[in-house]
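*Asks:* Spelled out from the first residue to the last, the chains are:
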Amino acid sequence: MSVSESIVARRSWTPIFGPVWTELRHLTYILLVLGVGVSAIVAIKQANVAYPTVGYDTGVAYHEGEILSAFLFLLGAWLAMRDRRSATTDLIASSPTRPGVVRATRLGALAVAGAAAFGLLWLIGLVSALAHGGSGVVDWVLVPDGMLGSALAAWLGFALGLIAPAPVAVLSAALYSGGTYFINTQYTHYNTHIGFQWLLPFPPLPQWSADLGYVPNIFGPHLVFLLGWLLLVGGLIVAAPFRRSLRTIASRTALIGAVTGLALATIFGVQLQAEANRYTVNGPNPVSWVPEYGQYSTGLGTPDPLIYPNDHRATTCATSSALRVCVYPVYGRSLATSLVSILDPEARAIESVIGRPTYVRMVPVAEENCGAGLGQAVLTEQYSFSYHYNLRGYLISCALPQLGQRRYAGFGGLPHDFPAQSAVALWLVIRSGELTPRAVRQGVASGTWASCLADLPCTPQYSEIFGFGSLGWTRAEIRVGLAMAAIPPARVTSELRELWPRIVAGKLLLASLPGYRQ
Amino acid sequence: MNVVYENLSHSYGSVRALDGINITIGPGITGLLGPNGAGKTTMLRILATLLPPTSGTARLDGWSTSHDRERVEIRRRLGYLPQDLGLYPRFTVFEFVDYLAMLKELHDPRQRHRRVREALEAVDLQDVAGRKIRTLSGGIRRRVGIAQAIVADPQLLLLDEPTGGLDPEQRVRFRQLVGRLGEHRTILLSTHLVEDVSAICTSVVVLWHGRVLFQGAPAELRKRAEGLVWNAQEASSDAVASWRTDNGMLRVIGTRPGPGATPVEPTLEDGYLLVTSGSPTR
Chain A
0 MSVSESIVAR
10 RSWTPIFGPV
20 WTELRHLTYI
30 LLVLGVGVSA
40 IVAIKQANVA
50 YPTVGYDTGV
60 AYHEGEILSA
70 FLFLLGAWLA
80 MRDRRSATTD
90 LIASSPTRPG
100 VVRATRLGAL
110 AVAGAAAFGL
120 LWLIGLVSAL
130 AHGGSGVVDW
140 VLVPDGMLGS
150 ALAAWLGFAL
160 GLIAPAPVAV
170 LSAALYSGGT
180 YFINTQYTHY
190 NTHIGFQWLL
200 PFPPLPQWSA
210 DLGYVPNIFG
220 PHLVFLLGWL
230 LLVGGLIVAA
240 PFRRSLRTIA
250 SRTALIGAVT
260 GLALATIFGV
270 QLQAEANRYT
280 VNGPNPVSWV
290 PEYGQYSTGL
300 GTPDPLIYPN
310 DHRATTCATS
320 SALRVCVYPV
330 YGRSLATSLV
340 SILDPEARAI
350 ESVIGRPTYV
360 RMVPVAEENC
370 GAGLGQAVLT
380 EQYSFSYHYN
390 LRGYLISCAL
400 PQLGQRRYAG
410 FGGLPHDFPA
420 QSAVALWLVI
430 RSGELTPRAV
440 RQGVASGTWA
450 SCLADLPCTP
460 QYSEIFGFGS
470 LGWTRAEIRV
480 GLAMAAIPPA
490 RVTSELRELW
500 PRIVAGKLLL
510 ASLPGYRQ
Chain B
0 MNVVYENLSH
10 SYGSVRALDG
20 INITIGPGIT
30 GLLGPNGAGK
40 TTMLRILATL
50 LPPTSGTARL
60 DGWSTSHDRE
70 RVEIRRRLGY
80 LPQDLGLYPR
90 FTVFEFVDYL
100 AMLKELHDPR
110 QRHRRVREAL
120 EAVDLQDVAG
130 RKIRTLSGGI
140 RRRVGIAQAI
150 VADPQLLLLD
160 EPTGGLDPEQ
170 RVRFRQLVGR
180 LGEHRTILLS
190 THLVEDVSAI
200 CTSVVVLWHG
210 RVLFQGAPAE
220 LRKRAEGLVW
230 NAQEASSDAV
240 ASWRTDNGML
250 RVIGTRPGPG
260 ATPVEPTLED
270 GYLLVTSGSP
280 TR
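In the order they appear, the protein sequences are chains A and B. Numbering of the first sequence is given in numbering that gives the first Met the number 0, commencing with residue 0 and proceeding in unit increments. Numbering of the second sequence is given in numbering that gives the first Met the number 0, commencing with residue 0 and proceeding in unit increments.
Don't take every hint at face value.
[Stated by the list, open to error] No farther apart than 20 Å at their CA atoms in a straight line, the calculated lysine to any residue pairs in the SDA-like style are these:
id	chain 1	residue 1	chain 2	residue 2
1	B	K131	A	T21
2	A	K506	A	A485
3	B	K131	A	I353
4	B	K222	B	G181
5	A	K44	A	L161
6	B	K131	A	W20
7	B	K131	A	R84
8	B	K222	B	A198
9	B	K131	B	Y87
10	B	K222	B	Q154
11	A	K506	A	I353
12	B	K131	A	S85
13	B	K131	B	A198
14	B	K131	A	R24
15	B	K131	A	Y28
16	B	K131	A	K44
17	B	K131	A	L23
18	B	K131	B	H112
Derived from the structure by calculation, the hints contain no laboratory data. Note that the structure is predicted; figures quoted are calculated from it, not measured.
Start from the sequences and build out the full structure, keeping to the hints where you can.
*Replies:* Okay, structure coming up:
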């Protein structure tokens, strides 16, 4: 062997790719396999309770990148700590390859591993969607965004691993994943006025639509925002070893990258934050949105529900004599048909009173409200359409605004201030055939009724009766409802038609209902 | 290649590890001999560009370890086996040496792989090339360390306590290997084992509390003890060192032999003990 053989190839990209490939082959695959496995299981489980669409299922897989990130964070930290823990620091440092370049190769390997792991997770989501009958189109922008978010987690872990001991890295990985999960699920889930959630590597899914993508469409700025973070973190990691010789091209490049990244992350972070006020750039102007029960709900401390105006995008419809259901085309006609069959009994009962069919249209990620007007209701995309139970009582609660509001506020969130509406609701439920008077009487006689309403132990049978959707009844309301059910339906519907405006306004007393005096 | 240390000092806090070292080391195998804490490892780490000296300079053929770009030139010519050798346990032997070869700028895969194979053959590891490092014994790991040090055909080889953990047979083979490598290179071998130096070194530097006590050929060091080593029944009070040998007699190093003492041929170890004892020869 002699040096003059000169197999040394300086000033080329070869020094990067060789070590990147070697590092990739030796990354701790158990972390990658575990990360993809756990996040895929959660994604499949979550997607399976929703109506299958390719867009939504892959969106769920994208969002579980949050779980994958914890593992990638650990992977990055492990790689950063490897030299220290295996006492090879001197060997690496005495090689002519500069520390910044060594770090760059490791960041490269982590980026490829992170992107590949996310790609696999996303593919699993796609296969799962197709396997359980999903249709529609793929939102391709989720792929690069998820890959960037995954790489960022690995790089942040790497940065931490350079300076912190192993227990700190493990704790930080948990905090990183848990923190983003908490912000996603607890903090910003229903708040349309906060833009903070868009700054997360994986923004919350409840504001994602299979038809529209994210509402607002954040992905332009979000991609650049993540890219900025990667440049910042990567630039600092690579530049740090050069701190005593910042005159080299490599160190200057790394520093310029970090400064550029900081600028991009700041500019686009501010822009993302502002997106909160442009909630529906793809849909109708938010100015046209109207509060549904504004003052009423504000008094309860719940967010202001808004009615999403008809954007005329829900064009795939199915009808019956009492009902017209229109969904976004990506969901297909089968969903519309299925919804008609689920909702038709209630729609018939309602139609017998209000004299017109109910129009149900799909809306995107807007808050779930149903009071879009007389004979109208909206359904959000994230409903578990495959479960009949979730939609029981829905149209009835939509037809009676204050009860609909109780549905929104959560069961038990409202006092029974509208007993006439409640009693009418019970009559409509019985009229639709979904409950029998006998079952209601048995529930009341056994005393289970009170437990169910108070969220106390309650047998499943009576839970279904007395927790009918969001509807629930007091003893007096049940008495009147059952009495109305005993009267010939034609007479009740005739009287209710006249009383309907006062019922809907919440101004009718229980005593004014047809069955009260019986 | 010539290694030059000029007024080199290094301190760890208040502890002075090297104190004004001034030596020049030429091609061949030079043994750095001294007790634990003498400054041997510090000298090697400074030349390996891992440690900046507190003052003074260390140079390899004119490249100083104090300048960033020149450090890279030194590293390009350097093979280093640290005292506390660490390896990546999940890598195979071949992969690890190959990875280090990449960092040593051997980028052409075909030729690099040939070099890796040659390095592994040189340390007789070709049969375990595919084994994970975590499955290897300490002695074999040491040889992996040597393989990575020589894989890029370095002109300067720094070996810090290379025979630690090797059994006698491996030690002999190691000496043969280093002897071959030293024919065309500059090798600095740090050790506290005199027999290592005696067996393979063409020159020796004796360090003591960060200072150079001796530099020269091993024969010269041995010569320092001529006329000062004795076989005696009992040690004299002013003996530098004495110990009982396998013939039942005491081997005494000192200027005044005891009664009945007979002079014997000095060894390198005698010279080393004499030099480091603070005796009049110092």
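*Asks:* None of the hints should be skipped; say for each whether it holds.
*Replies:* Against the structure, the hints:
no.	hint	result
1	B:K131 with A:T21	15 Å, holds
2	A:K506 with A:A485	24 Å, violated
3	B:K131 with A:I353	78 Å, violated
4	B:K222 with B:G181	24 Å, violated
5	A:K44 with A:L161	36 Å, violated
6	B:K131 with A:W20	18 Å, holds
7	B:K131 with A:R84	17 Å, holds
8	B:K222 with B:A198	16 Å, holds
9	B:K131 with B:Y87	9 Å, holds
10	B:K222 with B:Q154	31 Å, violated
11	A:K506 with A:I353	17 Å, holds
12	B:K131 with A:S85	14 Å, holds
13	B:K131 with B:A198	33 Å, violated
14	B:K131 with A:R24	14 Å, holds
15	B:K131 with A:Y28	16 Å, holds
16	B:K131 with A:K44	39 Å, violated
17	B:K131 with A:L23	17 Å, holds
18	B:K131 with B:H112	17 Å, holds
Hint check: violations occur at hints 2, 3, 4, 5, 10, 13 and 16; the rest are consistent with the structure.
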